[in-house]
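Go ahead and model the full structure; you've got the sequences and the hints to work with.
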Amino acid sequence: MRSPNTGLLLLLLAALFASGCAATPDKRILQYLNTHGFGSRYTGNAEEENYVSLGDSFVWTDEYDPTLSGTGRVDIDGTIVLPQVGAVAVAGMTRSEIEAFLTQKLARFYPRVDIKIASFTVKGKVFFIFGEVGSEGARPFPGNLTVFEAVMAAKPVQYRSNLGRVRLVRGDPRDPIIMTVNIRDIMNGDTTFNVLVQERDIIIVPPTILSQIGNFLAALVQPFTSVLTQITSSLYSFNRLNSFGAVGANNNKNNNFNLF
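Mapping of the sequence shown onto mature numbering (1 follows the signal peptide of the UniProt record, and there is no 0): residues -23 to -1, 1 to 237, in sequence order.
Quick caveat, the hints were computed from the structure, so don't treat them as lab data. Treat the hints with care, since some could be wrong.
Just the calculated beta-carbon pair ranges, DEER-fashion [claimed, not checked]: (1) T48 <-> F86: 41 to 49 angstroms; (2) A84 <-> G141: 56 to 64 angstroms; (3) N171 <-> V65: 16 to 24 angstroms; (4) V65 <-> G148: 42 to 50 angstroms; (5) A84 <-> T169: 37 to 45 angstroms; (6) S46 <-> P119: 24 to 32 angstroms.
Cβ atoms here follow ideal geometry from the backbone N, Cα and C, with glycine treated the same way.
Structure representation (structure tokens):
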């Protein structure tokens, strides 16, 4: 006869096995999971050497043949179009890599080619800021930007933003960096944590404790205020209809009186 303890043990093992099976990710999902960095297809450190991303454009010139000069805008598939070659993939390449790549492509058609990138027009590089600020969301990444400058440019909301607990998040699936920055310390002269913002960094300006309490109470009251607003609006519409009906009835009485 099986003891009660053995049956209980088997039941627990079955429950653990079932939970383990349920927690196993679908193989179709695994192939889409991010394995490096923020998750974007084209990455790099633009402040070390700028690179092109989707939507960026650049101008190139040739040292020997001015007619080979041109401009290119990186399309959604990461390519630009060379008249002599067709579509070529350049997204993610740095300035020096693009120069070498275009020189190699055009060298098949011209005896002497030396392509140089004259200028970049960057559109696709951003960082993010959220929380108690006047301007949330994606912001253009200009480079050489400190966390203090980024927060001040986003206009933190007075009396609501907790500038002593600002978080800088640098995402990575294996080794993310989450740094707490005291903006008030920086304002008092201690710039130890006034670090440079990088492309795709996330800055979060949290609310103060009083602001959190206010947000909680507002969320608690919101359903009731919505219902009261709808009831008030319905009563107002009903009263207007009644007043129009009363005016119409009075007009009919006056017309009938004038007939006599």
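So does T48 sit 41 to 49 angstroms from F86, Cβ to Cβ?
Violated, at about 19 angstroms.
Is the hinted range of 42 to 50 angstroms satisfied by the C-beta distance from V65 to G148?
Check failed, 31 angstroms falls outside 42 to 50 angstroms.
G141 and A84 - C-beta distance against the hinted 56 to 64 angstroms:
For G141 against A84, whose Cβ atoms are near 58 angstroms apart, the range 56 to 64 angstroms holds.
Range first: 37 to 45 angstroms. Now tell me if the beta carbons of A84 and T169 are that far apart.
violated (51 angstroms)
Given the range 24 to 32 angstroms, decide if the beta-carbon distance of S46 to P119 lies inside it.
holds (27 angstroms)
Range first: 16 to 24 angstroms. Now tell me if the beta carbons of N171 and V65 are that far apart.
violated (41 angstroms)
This entry does not satisfy hints 1, 3, 4 and 5, going by the numbered hints stated previously.
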